[in-house]
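Enquirer: Protein sequences appear in the order of chains A, B and C. What the first sequence shows, in my numbering, is residues 1 to 115, in sequence order. What the second sequence shows, in my numbering, is residues 116 to 600, in sequence order. What the third sequence shows, in my numbering, is residues 601 to 891, in sequence order.
Worth double-checking, as some hints may not be accurate.
Cβ-Cβ distance ranges computed for the label pairs, FRET-style [said to hold, decoys possible]:
| no. | chain 1 | residue 1 | chain 2 | residue 2 | range |
| --- | --- | --- | --- | --- | --- |
| 1 | B | 145 | C | 839 | 29 to 35 angstroms |
| 2 | A | 5 | C | 799 | 46 to 52 angstroms |
| 3 | B | 517 | C | 727 | 53 to 59 angstroms |
| 4 | A | 101 | C | 802 | 25 to 31 angstroms |
| 5 | C | 839 | A | 62 | 48 to 54 angstroms |
No lab work stands behind these hints: they were computed from the structure. Computed from a predicted model, the values in this text were never measured in an experiment. Even for Gly, the Cβ is constructed at its ideal location relative to N, Cα and C.
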Amino acid sequence: MPDQLAYWLIIGLMMIGLYIVIAHANLIKKIIGLSIMQISVFMLYIGIAYVEGGAIPIIDANTILYSNPIPHVLILTAIVVGIATVALAMALIIRINEAFGTIEEDELAAGAGEQ
Amino acid sequence: MSHLPVLPVLILLLTAPVCLIINRVNVAWLMTVLASILALVCAWQILGQVLSSGPLTYALDGWEAPFGIEYRIDLLSAWMLFIISLLGSLVALFARQSIAYEIEPSRQVYFYVAYLLCFGALMGVVSSGDIFHIFVMLEISALSSYTLIAMGRNKLALWASFQYLILGTVGATFILIGIGLIYAMTGTLNIADIAERLETVEQSRTVITAFVFMTLGTLLKLALFPLHLWLPNAYTYAPSVASAFLAATATKVALYLFIRFTYTVFGADFLPMSIILVALGITAAVVGSLIAISQTNLKRLFAYSSVAQIGYLVLGLGMANQTGLTSTLIHTFNHALMKGALFLSLGAVVYRLGDSTFKEFFGLGQRMPLTMAAITIACASLLGLPGTAGFISKWYLVSAAIENDWWLLAGVILMSSLATAVYVWRVIDAGYFQPAVNTQRSEAPIVMLAPMLLLAFANIYFGLETSFTLMVVDGITSSLLGGGQ
Amino acid sequence: MMDAADVAFTEAAVGAGVSTLLLLKTLALTRRYAKPQKQRNWLALSIVTITGCLLIYGTSDLPAYGSADAPAHQHLSAHYLEKSVEETGVPNVVTAILASYRGFDTMGELVVIFIAGIGVLSLISPTEKVKASSGLFLQQHTVLRIVGKMLMPLIMMFALYVQFHGDYGPGGGFQAGVIFASAMILYSILFGPEAVRAVISDRVTRLLAAFGILLYAGTGFAAMVNGGAFLDYTFLGSEQVAAQLLGILLVELGVGITVAAVMVRVFLEFDQRPVIKLPLLKLPVTNKGDR
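Take the sequences, apply the hints, and build the full model.
Expert: Below, the structure is given as structure tokens:
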């Protein structure tokens, strides 16, 4: 079904992101994985919005067919939510590093266990 | 036109930037308390109106639904608004000295700003009739929660916040996927509209997948076993006031979302959720209670207790009958009262005695008698002793199991209460029957005592006087199960 | 390629720009190499495989990629495409939806930026007064400095253009705010954060960040005062399209101001955080509260 190929590629990317979040111990890598996951969800939305032969949704007199503007709007907001999360996460990582001397999950969990 | 449906959210969200501009801690606290009380008053008004004349709607941006964002407050939403704002106000009142003690002075204003935003966003989640707007509000509450938790004194608060951030964001991403798939199949974002349009495409694989992902995301935020891993650390290391607020409200809102998606959007008998919910719910209840028994830090003990209680909430839903739903809806209120009282009391102990482990607790009955009394009452309610609100929820829960002829399940529920009794007894024993290291009396200040005791007594009041709670909850169950909105 | 101009614009500025900046900064402050992973994580692999298959199964009966008569394109979308010029006067449908039809969501988006700023401040803003660092930033790179100085006003002008032209082309408050902030960040990289702080002090970023939201909400309240619902721009004037355009202009301005202020402040906060040499020795117990 080459029809759905675009969606499969997106799903593949999403799963790579999810794997990185779960499997990697380094906190920064986890956040990168999270970003990859989020970006692939954005692509899913754009994919849903795509209309073959349609134009950018800015109205002009000569065009009849446009791609769907709503997912675009939703993604703009989702992008903002994404970077807000990344910014917070980065600040947390910096503080965690200063407090514990490490940003590896297994070392942190071991340290926490001693508390 | 009445702007009532949007007022609570607007008041809370917009007080936050004002607090930032003024940038003085005491003013920030005062404004937080005022905004919270105003929100409570509005919520109370809303509840009254919805009870007498049905759901309230409000077309934001002036565009009628489904072309604009609509706030739609039915009885379930109104009930949640009331619960959140009641707890939010009482906790805000309590906060002043607790925050002054637990948080770095230059950062205390940020606490109140984040608190207002979290509070306002939670109110927004339950008022909105637009699925994407719910997502935005949910993320505002999540981001502000991460901020609140990270401000705890212990440096492990940073790690707890990070863990919650990772899991919470994965959950949010799943919900986003679900929203996208629903949009792809219906072309709209308004909940009422979606419910209508889904009827034609109900059995398609996309819709089923959408449901699964939204459920997964919501259950992560609800901290239902086995997706509960973020909760114990978060509640233990967050500032006491934040633990109190979040324990009482944040997971309830996730539960609201689950109920809303299941009943209003997809229809109650969508998938064989019942078995899964029962299995996960009872496991959470048993495991949570058992782990709680061995804890040395009381905050952590009650955090695991929350994991167990969330199990009960989900169990009620899993019964798939009106009695079960009633149990869950009543318990949403009761648990907020219980955990609110408990975590605030723990906050008072931390304030006066420095920490919340059993060492501080020995002889608490002598040193802080009123605080200990509040804890005892809340624990009785947790256990479900007759005369407390907790008894009512447990009664309905066990009745629901019996209604389904699930006698074994009813038995297990009662046994998990035994486990609860064990850890509750540890607390009571430490407080009243163990000698204190230092017998100096140092009761909590009145500003902290008042909200704590109010919540504790509410547990007794609503255990004896059940007409109000039942009236509202019956209204909710009939509208949810009747297939209407 | 998928005809999503606004999104591409924003993602380029934000995703490629801001995210990378923050990641690099954090890497600089922590360490550049992660510990090597020891073995395959079977649990993660299985979770991911199951989830992936579920998604593939789930999207298998989605309408074909690019088809014009998918349900997603009917109903709301068709309405917006048809009516937005007539009802709001704005040809960029994405802006029309963002600023008018779903304006309350955009206010929510603004609150998200705001809380991100608050969160960062609560975590890494200095708790005591920080001594100004000696500014020897890239001062030997004369070419960069001169070109940078020339570019800055151009960037800021472009930001203003994007801000106000968002009705007719891709753009709007958010993108404009980010671009404006990047001009400031460029200046900071070349001449040091103190130079930026001299122009835009911490007090200014704090006040502006709050002000943008209040401007947005103020527009909403103005509508309420005139008898409409919150953020119903039609009540801001006597003629619908003119009133809508005014409302959209004001709220987009609010967005631009808060976004720019928060972005600049977040960057400055990350920038001033001192690098601590690892491994950490046990700190003496003079710190209040165990940090």
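Enquirer: Each of the hints needs a verdict: does it hold here or not?
Expert: Each hint, compared with the structure:
no.	hint	result
1	B:145 / C:839: 29 to 35 angstroms	violated (43 angstroms)
2	A:5 / C:799: 46 to 52 angstroms	holds (51 angstroms)
3	B:517 / C:727: 53 to 59 angstroms	holds (58 angstroms)
4	A:101 / C:802: 25 to 31 angstroms	holds (29 angstroms)
5	C:839 / A:62: 48 to 54 angstroms	violated (28 angstroms)
Of the hints listed earlier, those the structure fails to meet are numbers 1, 5, in rising order.
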